[in-house]
Structure formats: C-alpha cells, structure tokens
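Chemist: Turn these sequences into a full structure, and let the hints guide you.
Listed in order, the protein sequences are those of chains A and B. Note that this note's numbering has the first sequence beginning at 1, numbered continuously upward. Note that this note's numbering has the second sequence beginning at 157, numbered continuously upward.
In short, the hints are calculated from the structure, not lab data. Cβ atoms here follow ideal geometry from the backbone N, Cα and C, with glycine treated the same way. Treat the hints with care, since some could be wrong.
[Claimed, not checked] For lysine-lysine, the following DSS-like pairs were computed, each having C-alpha atoms within a straight-line distance of at most 30 Å: (1) A:K76 <-> B:K331; (2) A:K152 <-> B:K197; (3) A:K76 <-> A:K132; (4) A:K132 <-> A:K152; (5) B:K331 <-> A:K132; (6) A:K76 <-> A:K152.
[What the hints assert, rightly or not] Chain A regions said to be covered by chain B (calculated; three or more residues, Cβ under 8 Å): (7) 4-15; (8) 126-136.
Okay, here's what each chain looks like letter by letter:
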Amino acid sequence: MDAVSSRTITVDVNGEQYEREVEARRLLIHFIRDDLGLTGSHIGCDTGNCGACSVLVDGVLVKSCMMLAVQADGAKIETVEGLASEGELNGLQQAFSDHHALQCGYCTPGMLMSATALLRQNASPSEEEIRKGIQGNICRCTGYVNIVEAIKAAAP
Amino acid sequence: MLLREVEYARPASVQEALRLLGSNDGARALAGGQTLINVMKARAASPDVLVDLADLGELRGIELGSDGTLEIGAMTTYTDIVESAEARARPILGEVCNQIADVQVRNRGTIGGNVCSNDPTNHLPPLLVAVGATMTILGQGGERSVPAQEFFLGVYMTAAGPGELLTKISVPPGKSDGFASVPIGRDGTCIVNVAASLDGGTPRLVIGCVDAVPVALMPDSVEEDAVRASVRGANLDPPADVHATADYRRHLAEVLALRAVALAAGRN
Ligand SMILES: Cc1cc2nc3c(=O)[nH]c(=O)nc-3n(C[C@H](O)[C@H](O)[C@H](O)COP(=O)(O)OP(=O)(O)OC[C@H]3O[C@@H](n4cnc5c(N)ncnc54)[C@H](O)[C@@H]3O)c2cc1C
Ligand code: FES
Ligand code: FES
Numbered sequence: 001m002d003a004v005s006s007r008t009i010t011v012d013v014n015g016e017q018y019e020r021e022v023e024a025r026r027l028l029i030h031f032i033r034d035d036l037g038l039t040g041s042h043i044g045c046d047t048g049n050c051g052a053c054s055v056l057v058d059g060v061l062v063k064s065c066m067m068l069a070v071q072a073d074g075a076k077i078e079t080v081e082g083l084a085s086e087g088e089l090n091g092l093q094q095a096f097s098d099h100h101a102l103q104c105g106y107c108t109p110g111m112l113m114s115a116t117a118l119l120r121q122n123a124s125p126s127e128e129e130i131r132k133g134i135q136g137n138i139c140r141c142t143g144y145v146n147i148v149e150a151i152k153a154a155a156p
Numbered sequence: 157m158l159l160r161e162v163e164y165a166r167p168a169s170v171q172e173a174l175r176l177l178g179s180n181d182g183a184r185a186l187a188g189g190q191t192l193i194n195v196m197k198a199r200a201a202s203p204d205v206l207v208d209l210a211d212l213g214e215l216r217g218i219e220l221g222s223d224g225t226l227e228i229g230a231m232t233t234y235t236d237i238v239e240s241a242e243a244r245a246r247p248i249l250g251e252v253c254n255q256i257a258d259v260q261v262r263n264r265g266t267i268g269g270n271v272c273s274n275d276p277t278n279h280l281p282p283l284l285v286a287v288g289a290t291m292t293i294l295g296q297g298g299e300r301s302v303p304a305q306e307f308f309l310g311v312y313m314t315a316a317g318p319g320e321l322l323t324k325i326s327v328p329p330g331k332s333d334g335f336a337s338v339p340i341g342r343d344g345t346c347i348v349n350v351a352a353s354l355d356g357g358t359p360r361l362v363i364g365c366v367d368a369v370p371v372a373l374m375p376d377s378v379e380e381d382a383v384r385a386s387v388r389g390a391n392l393d394p395p396a397d398v399h400a401t402a403d404y405r406r407h408l409a410e411v412l413a414l415r416a417v418a419l420a421a422g423r424n
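Modeler: Below you can see the structure in the form of structure tokens.
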C-alpha cells in the first residue's frame, strides 16, 4: 500500500457507522468534533497533557489529540455522547452530578471516559487506583476530591 | 493545532515498511505517536510521509526465552509491558513503565518509540542501558544488534538511522535492579532519573536527564562513598531550566544514585 495524503475511513462511533474522507494530517479529535459534529469531547491543551479529549478506541483509553483520524480506520470509538441512553444519565454520570464532581465542566467528558475505562477494568478501585486512573486528566476547578468520590460511588 | 500536510501509509509487512522508509528521505516511522504527533503539531519536525507500524504484528509482543532472556517487540506498549506475565521475569521493566505519564500515554506509547525518540528526560533509555539490553535494528542491508549503551548517540539521535527500524529489544535475565527519579508531578517527566543494576558482578549506574545520552558509570562497589565518588568523578554538566538549576540536578544525580543502588541491593 502506498502513502496517501487522504483516505476514506470507516468508524463506529457510539454504535453508529460513519464513512468519511479525511486528510492524513487530521487529528482524531478534530474528526470527531468538526467532521462528525460530536462536540462532547473537548480540546483543552492540544499537546497531550490535559486529557479533555479522551475517548475509547477499541476499548482502549486514548487522548484523541495524540492520534490521527486515519489511524482509527475500522475502529469502534466511544465518546461521552454514548454514555447516556434515551436521555437518562448513566450511573457514573449521575454520580458526578450527585457528588458535585464538576464546576465549569470542561474536563468532565474526558474524566468520564477515563473513569469508564477504569471501572471496566477494576470494578471496585481504591482511592489510590482512582487517582492513578485519572492522572492523565487535569481539572482546574474541583481539586479532584469530589471526582474521586463520584467514581468511588459509581463503582458497583 | 494543525499538522502540515503529510502522507500516510500503513504497511502490512516489515519489508514493505522498510521500502517506504527507504524510498523517501522525508519518511518517518509512526509508533505510538505520543512524541511524534506533538513534534509535528509544533512543527519541530514535518515529515513528508508517516509509515504507521501499527499493523506489524511481528513487532509487537513479549517472549521469554528458555535462558530467561526477554525479547520485546519495538511496538509493544508500556501497558502491554505492565500487564505482561512474561515481563515480570525482569520486574523493573513493568515497574518503570507504570511510572510513565498516565494511562492514555501508556496505552499508546511504545518501548521502541521511547528509545528511538531518545528524549533525554525519558524513562527507558537509562533503564535499558542499566539492564544491559540489546537493540535489534533492521535496514535494507540486513539486521544488526547494538548494545543499548551504544544505541543512544545524541538528543533525538540513535543508532537506528534513517530508513531503518528498531525491531526488538532483548533484555537478559536479572532482578537486582533499582530505579529512582524526581519527576515533575507524581508520574511525570523526570528532572533526573537513575537506574542501577547489580546483576553480573560490577554495579552499573546509569543517569538520565543530565546529558544528551544516558551517562553510564561503574562504581567500585555499592558502598555509599564509592557511589558518591563515581557520580562526582563523572563531572556532570547538566542543563539548567525552569525545573532545576544545573547544581541541583548534580545534587539529585548523587542522591538518586544512592537510592537506586539501595533499591537494587534490596533485591539481591
Ligand atoms: C503528556 C505526555 C507525557 C509524557 N511523559 C513521559 C514520561 O514521563 N517519561 C517518558 O519516558 N516518556 C514520556 N512521554 C513520551 C512518551 O513516552 C512517548 O510515547 C515516547 O517518547 C515515544 O514513543 P511512541 O511510541 O509514542 O513513539 P512515536 O512518537 O510514534 O515516535 C517517536 C520517534 O521514534 C521513531 N520510532 C518509533 N518507533 C520506531 C522504530 N520501531 N524504529 C525506528 N524508529 C522508530 C519515530 O519515527 C519518531 O521519530 C510523554 C508523552 C506525553 C504526550
Ligand atoms: S486536548 Fe488532548 S490532551 Fe489536552
Ligand atoms: S470542572 Fe472545571 S476543569 Fe474540571
């Protein structure tokens, strides 16, 4: 296969199939937000430091500003929009609301995806494990205490 | 931030990847992208062609040989190493990989990318020198092995030259290893890090973040005086930046060398 400057990719995002032509240089976060119009995932830093753009790609937590859209060809992507169903928050989202785990909310989509990945791997994480699990996600508002509480409460 | 226009290829075989890398001066291998994509955003480098190694299954995975040697494919992620039962044959590997950045970076970043980028603050260059790893490099002209100590040539420069691929890293058996660092934040970029290994007779100390390449030292013994003398004798000339003065880095190198040796000795 030769090198190309754009190609058609197929992805499954939150259970829906999309086929789009993308430039090779396009970051996955820009594809998700600007091409697919799913603006739940945020761009905080654009340098891989803040985690606001975190999504799951084939079940693996990644920062979508650190990956090209063409690299996700054929993948199953999960974003924050996929958490609620039929207008109902899921347990983790409800726990964030109940525990005041957000103030401005900018970090929340990424935090929710990191917590989702953590809870799938470890159903009852310790505080230490929760903190390690969300280390790649920066929150400038809450001081993290309530985020940790919410994730603890969401653990079944 | 937008990247400059670039071409992308996702070869299905190592030979194909080598052909793509060899046929264009501006071609670069793309591993986990956790350094390269940032470098491209900042336009510190603007490759013409990215050769994504993601589909090269033979570059990924960990095998434990009957003599205890671990063979780790260059595309193996930090998370793969942390979770691998085989990798526990040399426990320090998983322990240090688990200190790199965060879950997301560990899920994408690869052992090969870590050493090929040879950022002087990275965790793995000093560690792999200390444990006596060997790098296997494949190019159009064939395959060769390079000891880790000779692999690192300068900042962002290694023995894997243009058009070549690092395919695997072999780590001999051993367990008396230690790693000590002062990072920025809990598991962040290191200000200074030191890896020590006491396997194979003479103690080996390797200091990161103080020079363009890891600084390898062989103290006469693991006694405090000998370790201090060997670090002082290296006349380190570390960089100064917003995180630490050169003097403070020199101080850290000595203190962390003692800690790394103590950790390694505790595992004899
Ligand atoms: C927020 C953040 C924090 C980080 N913190 C740390 C940290 O604390 N410690 C640390 O060690 N690292 C840290 N890193 C860097 C991270 O570990 C990178 O993953 C690593 O430096 C590069 O690995 P990669 O697989 O992502 O390689 P890439 O970024 O894909 O490639 C890096 C370079 O190596 C070349 N290359 C890659 N693989 C090969 C190969 N097989 N053969 C030949 N050339 C190859 C590429 O062409 C490129 O030039 C951090 C990164 C981020 C984004
Ligand atoms: S926007 Fe991706 S990590 Fe900050
Ligand atoms: S709630 Fe504002 S950044 Fe986290």
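Chemist: If you draw a straight line from the CA of K152 of chain A to the CA of K197 of chain B, is it 30 Å or shorter?
Modeler: violated (36 Å)
Chemist: Check whether the Cα positions of K76 of chain A and K331 of chain B lie no farther apart than 30 Å.
Modeler: Status violated; Cα separation ~40 Å.
Chemist: Counting residues of the region 126-136 of chain A that have a beta-carbon nearer than 8 Å to any beta-carbon of chain B, does the count reach 3?
Modeler: With 4 residues closer than 8 Å to chain B, the region 126-136 of chain A meets the three-residue bar; holds.
Chemist: Is the listed coverage of the region 4-15 of chain A by chain B valid when you require three or more residues with a beta carbon under 8 Å from a beta carbon of that chain?
Modeler: Check passed, 3 qualifying residues.
Chemist: Taken at face value, is the distance from the CA of K152 of chain A to the CA of K76 of chain A at most 30 Å?
Modeler: Status holds; Cα separation ~27 Å.
Chemist: Going straight from one Cα to the other, do K331 of chain B and K132 of chain A come out at no more than 30 Å?
Modeler: Holds. K331 of chain B to K132 of chain A sits at ~26 Å (cutoff 30 Å).
Chemist: Given the proposed pairing of K132 of chain A with K152 of chain A, does the C-alpha separation stay at or below 30 Å?
Modeler: Holds. K132 of chain A to K152 of chain A sits at ~13 Å (cutoff 30 Å).
Chemist: Does K132 of chain A sit within 30 Å of K76 of chain A, going by the straight-line distance between their CA atoms?
Modeler: With a Cα-Cα distance of about 25 Å, the restraint between K76 of chain A and K132 of chain A holds, given a limit of 30 Å.
In this structure, the earlier hints numbered 1, 2 are contradicted, and the remaining ones agree with it.
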